[in-house]
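**Q** Below are the chains, spelled out letter by letter.
Protein chains: 2
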Amino acid sequence: MEDLVILKNKYEKIKSENKKFDMSRGKPAPAQLDTVESLLGMVTKGEECILPSGVDCRNYGGIDGLPQIKSLFAEILGMETDEIIISGNSSLNIMFDTVARAMLFGTVEGEKPWMNSGKISFLCPVPGYDRHFAICEAFGINMINVPYKADGPDMDLIEKAVAEDESIKGIWCVPKYSNPTGITYSDEVVRRFAALKPKATDFRVFWDNAYVVHDLYDGGEKLLSVFDEAKKQGNEDLFYIFASTSKISYAGSGISAFASSKKNIDYALTKIKYQTIGPDKINQLRHAKLYPDINAVMEQMERHAEIIRPKFDAVLSAFEKELSGIEGLWWSKPKGGYFISLNLPHGKAKKVVALSKEAGLVLTPAGASFPYGIDPEDTNIRIAPTYPTLPELEQALELLCTVVKMVCSEGYED
Amino acid sequence: MEDLVILKNKYEKIKSENKKFDMSRGKPAPAQLDTVESLLGMVTKGEECILPSGVDCRNYGGIDGLPQIKSLFAEILGMETDEIIISGNSSLNIMFDTVARAMLFGTVEGEKPWMNSGKISFLCPVPGYDRHFAICEAFGINMINVPYKADGPDMDLIEKAVAEDESIKGIWCVPKYSNPTGITYSDEVVRRFAALKPKATDFRVFWDNAYVVHDLYDGGEKLLSVFDEAKKQGNEDLFYIFASTSKISYAGSGISAFASSKKNIDYALTKIKYQTIGPDKINQLRHAKLYPDINAVMEQMERHAEIIRPKFDAVLSAFEKELSGIEGLWWSKPKGGYFISLNLPHGKAKKVVALSKEAGLVLTPAGASFPYGIDPEDTNIRIAPTYPTLPELEQALELLCTVVKMVCSEGYED
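Protein sequence lines, in the order shown, are assigned to chains H and G.
Residues 1 to 414 in the numbering used here are what the first sequence lists, from first letter to last.
Residues 415 to 828 in the numbering used here are what the second sequence lists, from first letter to last.
Bound-form chain H, shown alone (with noise of 0.2 Å):
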């Protein structure tokens, strides 16, 4: 590694350029949402919009979602039509619309409001996604901690939590390539969650597939399907899943997924058609005629990855050529999804963070990952690469990788 000095001057060097990167979040790059061009223009004459089951798209109804799209989605998650509710363009607002359902009502049918159920708390895979936090942060529940493990969250910490503290009633899970670690759940972690034996009756799983088609290498890491091992226990009412096409089609103007056990989705139903007489169907159309079945999606998928996966390549080769041999610094290979997951030795996250941030380069806060925003060891840091370009992808990683060096040299001080 080079010296301190020649670091602190280099560093100098390029924060006197003035130059602004923006790698603080999973956003498409504009070259992804270029592939996506054909869904604009997908639907425009009237007659379109009127299905041969005589349903008008342009009109009011269908609460649950276009049948053609809830196959879609059913095809993508391996579940049945029935178990799905096909929402506007944000999952993150079905998972809020879920938590402020079973703090409003329940739930399911003679469970408590857990707004009425004193202390509520949630297991929180660490790091994880921060919106997640953000939503158990805003209802005021309690978030504890669970570490991941090379294959997935520590599960033994997990199944002993649940059968022993009746004040948990929920955990966020990513379970493919998780954000921002990008592990995908072995079989034996999947297989674990769908024989959990939680002793809140109305504790439930949200698993958040946001990653589930978003492959960058050929062929992809296999999620085992927590349904299916669920079902096979009886144990399916424990899973809220969710899915969306924000990082297939627009991350703006995609279309969300619930899935769940009929029971379930029964009992949301009976919530939503108070809230709206139906979902943009419009829109769902235009996803129906662009992605007629899961190779549509997949062939997709191809061309993000495309346009992703030189700049994955770009941070992990930066990383290995730059950062090797640090003590106690590592980082996530993952073979999809949207986040490398950088760990610094001990107390240095936010510096680095900090300084990038000095010169111009915007990353996720530190501790961002974490429930609160506190990363207890202060290591982790999320990068984001998808939304620059590869150019400036490479200048930002120059500038990441001196304040990285910087920041670990034996000597340096704030």
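These are computed hints drawn from the structure, not numbers from a lab.
Where a beta carbon is used, it is the ideal one built from N, C-alpha and C, also for glycine.
You can trust all of the hints, since none of them are fake.
Going by beta-carbon spacing under 8 Å, a handful of chain H positions derived as facing chain G:
1. 27
2. 34
3. 44
4. 57
5. 59
6. 60
7. 90
8. 92
9. 250
10. 276
11. 277
12. 282
13. 283
Chain H is fixed; fit chain G onto it per the hints.
**A** Okay, now just chain G, sitting in the frame of chain H:
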């Protein structure tokens, strides 16, 4: 009026023809939806999604909506852009969420969640919109009927109730072409709303301006701005105002607006930010391009009126011709909106709806326009003439008038 025997025979004859008519909901007719066709093709190229400001409508973000469409609704509602949030396809969804937020978090910082406030009541001007009342039912909110006068709900009663009863946290209003009475609140009624002095500090008026531009006849009725009036008294925090394009563009694929004081809007955004990263901006852009200003909206509304007006005229002239002179029977003569309110002699509404249904005409269920579905005097039927074609409507009216005359005949027995 014809002899009862003749009416009965006529009814049986129509019934035997096995026709089907639907006048149950305020749905736009396909012919109306056809007039909006150009919306579909308004944005077909990726580059059109990138605004001069740099905002890419295809990507995440913009939680309060596109500036262009905020400006449009500001013009429609006579409010400021920072008093408005633009959301997805359903103002009902915003209304539900607004009640849910008050239940969960309270109306503003420092107020108790309604869910922890003991008994909660809403005033409900009747007859009114069934989906408003259904939201209260969903949340277990106690509903108190308030009768309509000729120029709006009974303000003496409302002023007294909100001043005395701290459990009253809200009131549902459709101030223009009210569903189903067709009444537009008079200036005096609006001013009295603006000057309300509720005992509950977290009382709110849910001002559903669903028919704000929905005139059927030249000029239309003028609704005074309750928000301007309230501002004069420093009372603007009392008002939650809702509007949408559901009956301007597409019922299923429009956009919706939530407007209120800056204080209320800012507070709502502190919660909405947990719920979504942003609305479907491409659909907002389609609307902004098709309707660059209120004039474009008014031209659209004239196209709707050309289709709807003859249907309202058909109902009114059938009622005039067939039902005049029946004692205790009267109907509204609205200048806009989607409904005509038919008021029968006491105890006759359910019977008329049931017999109509038996003969193939589906009307809004009797009682639906009242809290808990109970019309205390069983008099009101909501007539929704927009969906059928004119020839269908004329046949449906023949059936309806026959049933009404039959049921109101001296000597008629169930």
